[in-house]
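Produce the complete structure using the sequences and hints provided.
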Amino acid sequence: MVLIIHLVKKAQKGNDKAFLTLFQEYEEEIYRMAYIYVKNQNDALDVVQETAYRSFKSIKNLKEPKYFKTWLVKIAINCALDILRKRQKVIPLRPRQEELISEEAKDDIVLEITLRDLFELLTEEEKSVIILRFYQDLTINEVAGTLDIPLGTAKTILYRSIKKLRHELKGEDVL
Amino acid sequence: MSNNIKSEMNKIDVPKELHERSKSGIHQAKNEMSGNHRYWMKGMVLAAGLLVMLGGYGVYKNTLQTEQALPNNKSPQVIEGKGIVIPAIELPDTTSKNESYDMIGLIVYNGKIYTQTATSIEVEEAKSLLGEKLGRTKGTIDEWSSQDEYSKEFASSIGEMDVYTAKGYDKDFRIMVYSERGGDFYAEFYECLNGITIATGQDVFGKLKIDGNLLNAQYRKFSDWDFDKQHYYPINDPAILQSFVEALNQTVPHPREGVEAALGDFRNDDGSKELILNLQDGSKISLFLIKGGYIRYGFTDVYFKMENEAFMKMWDQMNVK
Numbered sequence: 001m002v003l004i005i006h007l008v009k010k011a012q013k014g015n016d017k018a019f020l021t022l023f024q025e026y027e028e029e030i031y032r033m034a035y036i037y038v039k040n041q042n043d044a045l046d047v048v049q050e051t052a053y054r055s056f057k058s059i060k061n062l063k064e065p066k067y068f069k070t071w072l073v074k075i076a077i078n079c080a081l082d083i084l085r086k087r088q089k090v091i092p093l094r095p096r097q098e099e100l101i102s103e104e105a106k107d108d109i110v111l112e113i114t115l116r117d118l119f120e121l122l123t124e125e126e127k128s129v130i131i132l133r134f135y136q137d138l139t140i141n142e143v144a145g146t147l148d149i150p151l152g153t154a155k156t157i158l159y160r161s162i163k164k165l166r167h168e169l170k171g172e173d174v175l
Numbered sequence: 176m177s178n179n180i181k182s183e184m185n186k187i188d189v190p191k192e193l194h195e196r197s198k199s200g201i202h203q204a205k206n207e208m209s210g211n212h213r214y215w216m217k218g219m220v221l222a223a224g225l226l227v228m229l230g231g232y233g234v235y236k237n238t239l240q241t242e243q244a245l246p247n248n249k250s251p252q253v254i255e256g257k258g259i260v261i262p263a264i265e266l267p268d269t270t271s272k273n274e275s276y277d278m279i280g281l282i283v284y285n286g287k288i289y290t291q292t293a294t295s296i297e298v299e300e301a302k303s304l305l306g307e308k309l310g311r312t313k314g315t316i317d318e319w320s321s322q323d324e325y326s327k328e329f330a331s332s333i334g335e336m337d338v339y340t341a342k343g344y345d346k347d348f349r350i351m352v353y354s355e356r357g358g359d360f361y362a363e364f365y366e367c368l369n370g371i372t373i374a375t376g377q378d379v380f381g382k383l384k385i386d387g388n389l390l391n392a393q394y395r396k397f398s399d400w401d402f403d404k405q406h407y408y409p410i411n412d413p414a415i416l417q418s419f420v421e422a423l424n425q426t427v428p429h430p431r432e433g434v435e436a437a438l439g440d441f442r443n444d445d446g447s448k449e450l451i452l453n454l455q456d457g458s459k460i461s462l463f464l465i466k467g468g469y470i471r472y473g474f475t476d477v478y479f480k481m482e483n484e485a486f487m488k489m490w491d492q493m494n495v496k
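So the sequence lines, in the order shown, correspond to chains C and B. Each residue of the first sequence is one higher than the one before, starting from 1 at the first, in my numbering. Each residue of the second sequence is one higher than the one before, starting from 176 at the first, in my numbering.
Some clues are possibly wrong.
Unchecked claim - Straight-line distance between alpha carbons at most 25 angstroms, and here's what the computed DSS-like set of lysine-lysine pairs gives:
1) B:191 / B:459
2) C:163 / B:181
3) B:459 / C:17
4) B:181 / C:164
5) C:17 / B:313
6) C:163 / B:186
7) B:186 / C:74
8) C:63 / C:10
9) C:69 / B:384
10) C:86 / B:496
11) C:39 / B:313
12) C:66 / B:313
13) B:404 / C:39
14) C:57 / B:404
15) B:186 / C:39
16) B:181 / C:155
17) C:39 / B:181
18) C:74 / B:496
19) B:404 / C:86
20) C:69 / B:181
21) C:69 / B:466
22) B:186 / C:164
Because the hints were derived from the structure by calculation, they are not lab data. Note that the structure is a prediction, hence the values are computed from the model and not measured.
Dropping the structure here:
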């Protein structure tokens with residue numbers, strides 16, 4: 001944590017190398033989070049690049065360096081949502097994947113279906129709460145703070161999301 | 176639950192270009208914070224791959240619409256009746272430690288500085304262009320290099336790479352690197368577009384050997400370029416393409432700053448488009464066409480004005496919204 005705070009302070013003075021060192025610690029997590037929202041590699045990479053851009057431009061405004069990661073994750077979520085908003089203007093073209101996937105790709109199908117079970121059931125705000133709570137290991141209080149929503153609302157969204165997932169997972173231990 | 180989610184999410188493959196994209200975003204921000212424009216930066220960062228400091232004349236900065244004063248900064252000079260003089264790149268004044276310099280890949284050869292450029296080549300096709308081996312670069316230039324390092328033959332910011340002439344091209348203008356790194360082969364052109372006088376487009380486009388070598392062309396919307404999306408559309412009318420290419424040689428150079436001041440904001444889908452000329456030898460020339468008849472190539476501080484109707488006919492071909 002001391003090193004992170006040191007790097008944040010250097011980055012706040014405009015040191016891009018310090019910021020890159022910080023950012024690369026989290027870039028894979030950001031990419032995977034983004035992927036859950038945008039569901040394709042190109043857009044997820046755009047989210048990472050845009051997150052790097054926005055975060056370095058605004059890091060001077062980060063008051064508490066120890067919250068760097070949470071702050072970064074929030075920016076990443078906003079970037080992902082912005083891309084989704086842009087995309088709403090177009091009609092998604094969904095190929096009939098079951099006809100296109102070869103025998104060799106069966107493992108990927110399993111992965112895709114599992115991820116879809118977890119995330120295509122959820123709205124964007126439910127994804128945000130679930131990701132922050134279970135992927136980023138934030139407390140529900142921190143989730144509420146990160147998303148700028150009341151604690152009660154965060155809890156409601158969390159329980160609603162879990163209910164959906166529990167129903168979908170049919171008896172798996174979701175809590 | 177948390178473990179389930181983490182393990183599921185960790186199954187998402189991370190593409191190898193992820194880190195480059197992080198760096199690109201940070202470079203964009205840094206450049207913009209320095210007073211430069213984001214969009215030009217982005218493409219160059221993506222194209223450059225490996226970026227190294229270059230001060231003084233600052234190829235990078237000048238290309239990117241800098242408003243920041245640089246030590247020894249020299250802008251192109253218009254000389255009546257002769258054209259535009261692009262000053263030779265000067266070496267950075269490293270005694271000025273407080274200055275922040277931008278970066279670009281470069282090689283010092285034959286006393287001149289060759290930089291990364293807007294023409295690319297695939298490895299397989301590069302093989303047939305390999306000419307005489309000139310030497311091997313030394314990866315001696317970085318942010319902390321002294322001026323002495325820049326004056327050494329084959330000093331470079333790209334590590335150790337083999338340098339060759341490119342068959343069919345003037346080695347005072349273009350050289351190429353072709354090397355193996357970690358099991359992967361790597362090929363790239365480097366061009367010297369400084370220390371020259373440009374009277375007409377012929378002085379630059381003529382060196383690209385487009386005439387008689389053109390295979391076809393594609394274009395890309397500005398926003399697709401900006402977001403590095405590989406959405407290309409063909410130029411379907413060969414006659415229009417040929418007229419455009421012929422007209423390139425007659426274009427008139429103008430200093431960048433004056434053109435941009437007159438154009439206003441052109442960094443959008445209505446104002447700019449990327450045109451890629453695919454040559455028979457495998458090289459891909461990336462030009463930027465800008466509303467009003469302007470064309471830009473590579474990292475010079477010059478816009479080329481195409482006066483005749485060839486520009487508008489080509490512009491109308493690039494009509495995907």
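Hints, verified against the model:
Between residue 191 (chain B) and residue 459 (chain B) the CA atoms are separated by roughly 24 angstroms; this keeps the pair inside 25 angstroms, and the hint holds. Proposed proximity of residue 163 (chain C) and residue 181 (chain B) is supported: the alpha carbons are some 19 angstroms apart, at most 25 angstroms. For the suggested pair residue 459 (chain B) and residue 17 (chain C), the alpha carbons sit about 32 angstroms apart, so the restraint of at most 25 angstroms is broken. Restraint check for residue 181 (chain B) and residue 164 (chain C): satisfied, since their Cα atoms lie roughly 18 angstroms apart, inside the 25 angstroms limit.
Under the criterion of a C-alpha separation no larger than 25 angstroms, the hint pairing residue 17 (chain C) with residue 313 (chain B) is consistent with the structure, at around 23 angstroms. For the suggested pair residue 163 (chain C) and residue 186 (chain B), the alpha carbons sit about 24 angstroms apart, so the restraint of at most 25 angstroms is met. Distance hint between residue 186 (chain B) and residue 74 (chain C) is fulfilled; the C-alpha atoms sit about 22 angstroms from each other, no more than 25 angstroms. About 13 angstroms separates the Cα atoms of residue 63 (chain C) and residue 10 (chain C), which keeps this hinted pair within 25 angstroms; it holds.
Taken as a hint, the residue 69 (chain C) and residue 384 (chain B) pair is broken in the structure, with Cα atoms around 51 angstroms apart against an allowance of 25 angstroms. Distance restraint check for residue 86 (chain C) and residue 496 (chain B): the Cα-Cα separation of roughly 15 angstroms lies within the 25 angstroms cut-off, and the hinted pair is therefore satisfied. Among the hinted pairs, residue 39 (chain C) with residue 313 (chain B) is inconsistent with the structure: their alpha-carbon atoms are about 43 angstroms apart, more than 25 angstroms. For the given pair, residue 66 (chain C) sits about 41 angstroms from residue 313 (chain B) by alpha-carbon distance, which is inconsistent with the 25 angstroms threshold.
For the suggested pair residue 404 (chain B) and residue 39 (chain C), the alpha carbons sit about 16 angstroms apart, so the restraint of at most 25 angstroms is met. Note on residue 57 (chain C) and residue 404 (chain B): the hinted pairing holds, with a Cα-Cα distance of about 23 angstroms set against a maximum of 25 angstroms. For the suggested pair residue 186 (chain B) and residue 39 (chain C), the alpha carbons sit about 13 angstroms apart, so the restraint of at most 25 angstroms is met. Restraint check: the Cα-Cα separation between residue 181 (chain B) and residue 155 (chain C) comes to about 20 angstroms, which is no more than 25 angstroms; the hinted pair holds.
Taking the CA atoms of residue 39 (chain C) and residue 181 (chain B), the gap is near 16 angstroms; set against the 25 angstroms cutoff, the hint holds. Restraint check: the Cα-Cα separation between residue 74 (chain C) and residue 496 (chain B) comes to about 32 angstroms, which exceeds 25 angstroms; the hinted pair is violated. For the suggested pair residue 404 (chain B) and residue 86 (chain C), the alpha carbons sit about 15 angstroms apart, so the restraint of at most 25 angstroms is met. As the CA atoms of residue 69 (chain C) and residue 181 (chain B) are separated by approximately 17 angstroms, the hinted pair is consistent with the 25 angstroms bound.
Of the supplied pair hints, the one linking residue 69 (chain C) and residue 466 (chain B) is violated, its CA atoms being roughly 43 angstroms apart against a limit of 25 angstroms. Simply put, residue 186 (chain B) and residue 164 (chain C) have alpha-carbon atoms about 22 angstroms apart, close enough for the 25 angstroms limit, and the pair holds.
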